[in-house]
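Peer 1: As you go down the protein sequences, you meet chains A and U in turn. Per the working numbering, the first sequence starts with residue 1, numbered consecutively. Per the working numbering, the second sequence starts with residue 1001, numbered consecutively.
Don't read these hints as lab results, they were simulated from the structure. Predicted, not measured: the structure shown is a model, and the values here were computed from it. Hints may contain errors.
[As the list claims (entries may be wrong)] Derived lysine-lysine pairs resembling BS3-like cross-links, with alpha carbons at most 27 Å apart: (1) U:1068 to A:312; (2) U:1053 to A:169; (3) A:394 to A:495; (4) A:495 to A:481; (5) U:1053 to U:1068; (6) A:481 to A:508.
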Amino acid sequence: MSELLTGAQILRRTLVDAGVEVMFGYPGGAIMPFYDALHGQLPRHILVRHEQAAAHAADGYARASNRVGVCVATSGPGATNLVTGLATAHMDGSPVLAITGQVGRPMLGRDAFQETDVVGVTLPVTKHNVLVRDVEDLADDVREAMAIAMEGRPGPVLVDVPKDVQNQKAEYRSRTEPIRREQRDPGREPPDDATLREVARLIAEAQRPLLMIGRGVIVSGAYAEVRELAERTGTPVITTLLGISAFPDGHPLFLGMPGMHGEVRVNRAIQHADLIVGIGLRFDDRVTGNTAGFAPRARIIHIDLDRAEIGKNVPVALGIVGDARDVTRRLAALVQPRTCERWLGEIREFTRPRAAAFRGDLAPETILASLYQATEGRCTIVTDVGQHQMWVAKLYPYREPNSHITSGGLGTMGFAVPAAMGVHLARPGETVWAISGDGGFQMNMAEIATMVQERLPVKMAIFNNGYLGMVRQWQQFFHGKRYSCTPIWSPDYVKLAEAYGIPGWRVKEAAELPDVVAQANDHSGPALVEFVIEQEANVYPMIPPGGSLSEPIETAPAGAGD
Amino acid sequence: MPVSHTVAVLLDDALLTLNRAVGVLRRRNVPIERLALRPTATAGVSQLTFILKADAATADRVAQQFHKIVGVRDVVLAATEDSTREVQS
């Protein structure tokens, strides 16, 4: 069966046939034929207020659904505005498809109006990208890009479609068989049994073993397998920032997040461990601190889907390339049941009282407790970047798998609000809270209009301390308390909410929390709550940049006291 | 101990693939000493050869990065003396 369609129609049909239900975008000159083909048709299109938000929303959708999230922009400025979102998705391994309009082929390379070499611009921040040369290639170029986005370690892809290709006519051939490409990576055969038996032996022999798990566990859905491995071997579990919610908070083997803002006992456990089994993480520098002093007593076994990650940041005793779920399932079947009571007792001894970082009673811990109470722990929390992100990562008790979404590797401020829109569309029946600081919120707050127009009931929380708080904290600790360009003014957020026609609250006292948070949570549409928190509160403990996990800062350094 | 390693990358004879491969060398801050591109006996396949000074583990990690590029068919990490050898495709 085939029929004659325009490139724009073929593009739309290809997306629908690939199962795309929603996409985020912004029209413009070079993508107009596609928008014309979209008129009154599926997939559903969410009109954002800035293309960056389209990329973050597609990313949020992808992370929440483990499917490809799609964003659309025109050529030139539309396409370049996607770049931050693609780089964010690239760092965190999120499958995003960006479709960009491009000037017509006769104009390519002539600095035409709104022409940018977006394939060149996005080369280092995409897994794959392509300029469609002819309408005959269009459908397969899109299918191939979507396949690449999902296969192995997921990542963003971009398909650049010249305007005249969108207007060309061709037969549309639907395709049910998977797109064929040359499989060239010989490193993908599953690990052999002997290797896994060796890992099982090392676990059996270890006195102080640790499991460190990252986003790879979420991507492969290895929750039950990791839990079984941990429980059978009594091994305590550490989750990286992007691994949070992959293991239930409150489980007796759960330790928490490591690294720059990890609790002292978590980092000390790493420094005392004699074996670390890392699954689906990349030992990023915010996790390891100075690698020379990282886990000095431990042999490291690294299990990851991306073989270029094995040994990239820390030396490993054994590297296993494979899917987290497959490898962990096989490993859990091989290990001898054991417990590590003495080791768990040692780790308990590492626990330090949390430094009093807050004046007044509206502490982040109290705010997050009220949020947990209002949602009964059944919501997805999307965080931005900075102090609030670390407070949420450390203090919110996640129970549902993949219920914590944040920009980890790139650390993109402005991520939370648009990404939460994508999360809502991936999980329409569930509650989504976007938590931001007053800095990050102001970067993409124009998206409230998108939420209102498209009826996306995202709940927004702003932790307002009047500063770019994390940078201010660094200035306090490392730059003699010179707060250069970090005080930041905010509009009246309650009036802002009113201007958009949504409910808004300002909370200054803990006593107001239960009522306000419950009202916002139960509201049927988007809602906004501003929490006015202590201005110079800090995130403790902190490993100074380049420092060792063994040397945390637990109070403000002398001369920088508050 | 840094010594010279030769990496030969067999890749699609396409500007975008070549751009991607050279981009990895630049982005990953690979200490390149020499760089060459030549056709192979197979139509549509080129060979990008580069020599880098690094320890064996670093050289291997660099080679691994090329496996991830769409359009790369094979990556061969050759002994130092073999830098001029043509890799059979």
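Peer 1: What are the numbers of the hints the structure violates, in ascending order?
Peer 2: 2, 3 and 4
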